[in-house]
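A.B. asks: From just these sequences and the hints, can you work out the full model?
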Amino acid sequence: MISLNHMPAKEKFNFAKSYAELQKIVEWFEKEDIDLEEGIKKFEDGSKIVKELKEYLDTMENKIKELKK
1002 MISLNHMPAK EKFNFAKSYA ELQKIVEWFE KEDIDLEEGI KKFEDGSKIV KELKEYLDTM
1062 ENKIKELKK
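At the far end of the sequence shown sits residue 1070, using our numbering, and the numbering has no gaps.
No wet-lab data here; the hints were simulated from the structure. Certain hints may be false.
Said to hold, decoys possible - Dumping the calculated DSS-like pairs for lysine-lysine here, alpha-carbon to alpha-carbon at most 30 Å:
{"#": "1", "residue 1": "1069", "residue 2": "1032"}
{"#": "2", "residue 1": "1018", "residue 2": "1049"}
{"#": "3", "residue 1": "1043", "residue 2": "1025"}
C.D. replies: Next up, the structure:
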């Protein structure tokens, strides 16, 4: 099962929503004038989202492999 630290336990993982959240963080970093403290927090948040997205994709890949057997 996927561990989603920033989501309530009963809420289903939403790949598109998490990906959009990650895109917003990337866009924030692309601005010219960023705050270091806020940047560190956003980097941490982005890292967590990337981990969750990867875990989700790995889970889906394994499901597809099982279906192909």
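A.B. asks: Against this structure, judge whether each hint is valid.
C.D. replies: Status of the hints after comparison with the structure:
no. : hint        : verdict
1   : 1069 - 1032 : violated (44 Å)
2   : 1018 - 1049 : holds (14 Å)
3   : 1043 - 1025 : holds (10 Å)
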